[in-house]
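Undergrad: As a plain string of letters, each chain reads:
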Amino acid sequence: MFKPYIGQCLRLGITVVSKTEVPCTNFKEVSIEELKNMLRRGEWLYCMNCNVMITDEDELEKHVGKHLVTSIPETDEFIQEEALPGD
Amino acid sequence: MSSVKEVGVILGGPQGSGLETSMNVLARALASRGYWLIADREYYSNITGRHSYIHMLVSSDKQPRSLRYPVEVIAAMDAETIFTHFLDISERGVLLYDTYVSSKTLSEVASMEEHVKSRIEKNIQRLGLEPDVKSILKHLSEDKHISAIGIDYSKVLKNLSEKYNINARFLSRYLSGLIVSAVALILGIEDESVKEAFQQYFKEKTIIAEQNFAIYEMLRKQLEEYIGLVKLDPPAPRHSKIMVASGNDVVAMGKIVAGVRYQSYYPITPAADESFLLEKHSDILSKYKQPIGSLIVLQTEDEISAITSAIGASLTGVRSSTSTSGPGFDLMIEGISWAGMNETPVVITYYQRGGPSTGQPTRGAQSDLFNAVFAGHGEFSRIVLSSGDHIEAFYDTIMSFNLAEKFQVPVIHLLDKFLANSLATMDIPSLKDVLVERGYISKGGTGYKRFSLNSLISPRAPLGSEETVMWYTGDEHDEYGHICEDPEIRVKMYSKRIEKDKIILESIPLDYKFTLYGGSDFEYLLLGWGSVKGVALDAVDKLREKGLKVSYLNIKLLWPFPTLEFRDIVKSIPEDRLIAVEHSYGVNIASLIRQTTGININKKISKYTGRPITLSELLISLDKIISKETNRVVFTYGE
Amino acid sequence: MVSKWNYKSDLWIDWCPGCGNFGIHSALIKALEDLGLNPSKTVIVSGIGCSGKIAHFVNVNGVHTLHGRAIPFAMGIKIANPELEVIVHGGDGDLLGIGAGHFVALGRRNIDITVILHNNNVYGLTKGQASPTLPLGVKTKALYWPNIHERVNPVLLALASGYTFVARGYAMDTNHLRELIKKAIMHKGAAFIDVLQPCVTFNDIYTMEFYKKRIYKLEDDPNFDPIVRKDEETLPKYLKAVEKSLEWGDRIPIGIFYINENVSTFEERLSERSTGYKEIPPAKSIIEEGKPIIDQETFESMFKEFIVNVKKHQINK
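In the order they appear, the protein sequences are chains G, V and R.
According to my numbering, the first sequence is numbered sequentially starting from 694.
According to my numbering, the second sequence is numbered sequentially starting from 280.
According to my numbering, the third sequence is numbered sequentially starting from 1042.
Rather than coming from a laboratory, the hints here were simulated on the basis of the structure.
Keep in mind that a hint or two might mislead.
[Claimed, not checked] Below, simulated EDC-like cross-link-like pairs (lysine to aspartate or glutamate); rule was C-alpha separation at most 16 Å, straight line:
id, chain 1, residue 1, chain 2, residue 2
1, R, K1345, V, E745
2, R, K1082, V, E475
3, R, K1253, G, E736
4, V, K559, R, E1346
5, R, K1049, G, D780
6, R, K1345, V, E475
7, R, K1325, V, E745
8, R, K1168, G, D780
9, V, K484, R, E1346
10, R, K1352, V, E475
11, R, K1049, G, E736
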């Protein structure tokens, strides 16, 4: 579903694959301020390493710098075909 | 006429016409004279109009335990009662009837079901009679020497209305007083007892009591020559105070004594009267010398809400219960399964009635044994207890709460309509030895594990305990109560919840598992559970009088079944001398015993008309079975 | 104010990334922090489905119950121990499908419980079947045929059932939702919040984009005041709330529709029947191991209507 070694480079419009979790050469880390601003706008973030949603600044502090924090990745529209009934 | 030890009485009339009141007042009058009695109510699922009757047995020397036919006295409010019960009057018995109905014919009785009518018609034809009251009355007095005593009911009531200026619209309300008075006179009960019975029953409505007693006085003159026609022996000495109550009543009393603080229910027959009585007393605990709490009785939107809210209340540490009948119990099963999963104490008082589906809402049955024992998905511990009579039901109610809390399991107290609705005299229960047992209550605290695996019984802290948080879930969970699908945890938790059965069986005393009546020297053993106890004990006494060594095993703990003790008690006789009796088609206790003990009982006595097994029926069936004429007897007597 | 309690649980939350439940969860935790509710005196009661798991994801007491039955469980807990703050979380299938009867009954009783509806229009954990709030004719990706049931309007149903606090929130607007949750918890009586919640996996119709374009806040309208302050305001404010509840389409209101604290709570009604209820509710009754609860004399006086005195000359003792 969400794997830290496969991503989309928005600037070049290409898919980036890395076995070493090294991002694309053009990758620029977002600043914590930018991430905080996203939260303030009501957008949520996601920690790729922990697989957790980040909806507030406290949570953000725990991950930023150490882990890969991104805006919510787009949902894969085919996930539902993989989903099994669970309840 | 010489006096007798016991008298059978039937009071019959249309549902809603005051029979309930008649039964209660007459029972109080007889009790205050020191007599023992039992009274069963038989009625249709109907508010007013259909035939209903009270079947009573009154004794001068001991508590009657079963009902019998024929009866010595029948008081008929209407023609339908005469048609329905004329074969039930003993020779030289008494029929009290309204002179107004003497011209009635069977075809005029509109409220009678066609099947009943044609069956009665056949009986009438068989005797060579005409299908009318006149012909029946003639037959009763000439062929059976029955005193058919006619009273002009409307004239008595008219006199009353003139004396007290009562609106004619309300006069029919006094019919119950008329019936009570007439029967009391025939039985020769003293005036004072009748008066006090009216006073006690009508309480603050003193004028109603006075008016009813005025009816008695009028009838005393009119029936002078019949006073004491069926006279009971003077009663044997007994306590100065006795209780007269129904099964529903004693269970409600038991719940108050047990400390119930939350009772939920959805209206259903024959369970609702219990909650009704509790509701009436919901303020009593605040008015105690030193207020001891509050009892909340809540009518919920359905039985699902009844059980789940009772479980919710239990999570806060409260003794909680609900009461219902088969259809309601069916709706509660998912909740019971949740209680099993979450080791939650809760008491379900289950009054059986005839099923399946709506079945016979107002008739009795014991056909839900398997439902009580096996209902629910997955496997978990539960306790199913049954009670054989009113007094047992009282103490078992209290026991149910203790067991539920001690073992943290749902307890199903399995009763039935016969017990719920029948009225009986009894000694006032003694509370001296009634003690509360709450089991393992924890104070919780930081790191509290509601479902700790350190002991088979988990540490139970109520929701709201200081510095404590806990989780509950219907999913499989870890010690904290969080969802957990780990196979090892699954095995530990799952087996823990089932293996409680073992300590339940170890800690419940033998007399709470079953009781043997009649002596341990038995050559035949009759066995059953619940309300067949009374008739079984009477049958055992009769057979022992004849020299036949029969005993009765009254099984109380239906689940977990006391396998070892049961095997031990029956080992002295061969399997083919075990006889099971039950108000069901299958006599399912036999299957339960075979499943849990390997012992095969193939002699079965059954009745599933919805009416109680009578003494004569049971005696006949035991005779047939013991003489090896048959292995199975099914009975149908009673309207 | 910084709360002395940590409401966040250490458990890994297994909702889909981007799930609206995260917004509700986050708003709830912030509301609890703002109010500083004691975790041992707070109980989250939840039903079945994705939303039901929320009871495990907050560090207060959690009771994860049966499908549709969170409300009656919560009712038993609250009535038995009114000191507890009880919050119900349920999905739309849970509260308005299988549990609709209980949802209506809670409103009628006006018990002091907060009900938070996770309304995503689908049954997520069983693969996206239509729920009671999905409109007629709508075909989400997960459905083979368009929905053949008409939707139920949760806000209107809550108003009709007698809830005395009725609001709607949006899962992605956590700050707004947090304020609603706080007000609902503080409200005296049955409170209801319909939370619009995108289901990122199964609902491709009611998406974030869908709601973003349509949602507006009731509080932005200076002419709309949902609070009943005097009895005579009851009807006009109720009717206004009903009218607002019917708005659904290009514009979807969120915020508070109706508040009426003049209606007696169930706790008050129970106190009339059981006068000691406030001082000694069921959970505060003392029931001690090894002791009887009432004495013989009290028992006999309680049930004197069932006790008959036997005439003197017959007495045994």
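Undergrad: Enumerate the violated hints, using their earlier numbering and listing them in ascending order.
TA: Hints 1, 2, 5, 11 are the ones this structure does not satisfy, whereas the remaining hints hold.
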